[in-house]
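Residue numbers (the working numbering), protein chains in the order written: chain A, 1 to 205; chain B, 1001 to 1103.
Each hint should be verified, as a subset may be incorrect.
As the list claims (entries may be wrong) - Here are the simulated lysine-lysine pairs, DSSO-like style, with alpha carbons at most 27 Å apart: (1) Lys124/A to Lys1011/B; (2) Lys26/A to Lys1011/B; (3) Lys89/A to Lys26/A; (4) Lys93/A to Lys25/A; (5) Lys93/A to Lys1011/B; (6) Lys1011/B to Lys56/A; (7) Lys124/A to Lys26/A; (8) Lys25/A to Lys124/A; (9) Lys89/A to Lys25/A.
Bear in mind the hints are in silico, worked out from the structure with no lab data behind them.
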Amino acid sequence: MSYANLSIHGHAADGVPPVWSIPAKKMAMWLFIIADSATFAACLFAYLFLRTADAKWPHPFDSITNVAIMTFILVTSSLTMLFGIDAAKSGDKGGAFRWTMITAALGAAFALLHIREWMGMFAKDVTLFHNPWGSPNFGAAFFSVTGLHLLHVSSGVIALVVVALRYQGGRYNSDDIEITGLYWHFVDLVWMFVVPLVYLLNLSH
Amino acid sequence: MESAAEGRSNKTRYLIVYVCILVIATLQFVIAYSGAQGSQLLTEMLALACVEAVLAVLFFMHLWVDSRGLLWFVAVFTIFVILAMQYGWPDCFRLLNGVPGAQ
């Protein structure tokens, strides 16, 4: 995007060029992602801290088929998001709307599978403060990390639907699709750390 | 606006990165079932997750084609914050083994 275009979009109306020629909204999203990655890093660090400090940390995951399907869905949703961004940038409004809604649908499917995963844990009598293995922090650590991620996915699905509808209605442009896509890729990226640290390290062999 | 050729080239690149990420994710599952334990398993998992994350940040989030200034800004701040958190590790081992050197 040229400096002139940035001025038209209102990012540099005062004549000051934006930092690294990046539109202000995109820069704001990057700053949010940096801050949020620190939040997730702190949660995962706390999780690993508790796990390392507890010699009786349970290994409750006997089947990870559900988690494997969830991973496939989330990585695929990143690909469909990219197709949506490309369509928006090439002016294909229908394609951008369709791919963004497909991404939202995949996100919703991921959230439903996540809830199913939680139901499986509830069935094993695991709650925030109680579990059958006598490791008091397991439930709190597990539900905090996965719950924070589920919250991000749910917010992302809502954001994708809202942005797609407003883009279709002409209120938002391709930049807005791209910025929402950045957030969605970040949610995918966090899952790449949650799966090995929370699930794969705790398999019941 | 993107040209049709540019769009096709982008799609090919996205598909290659997508397949790479899926292969690495599959590798993580295979390693988890291979019987590796403890710090070796943790190191392998974290290393593979970092490779996946770098691919996603550079090619899905387009940091590779964005400004180099932004790339350095994101990398330096994120890595610094994550590394700064590592100061707490000795304490979790103290909970298991007691204070190093104590009776």
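*For which of the previously enumerated hints does the structure constitute a violation, in increasing order of number?*
Numbers 1, 6, 7 and 8 - these are the hints that the structure violates, sorted from lowest upward.
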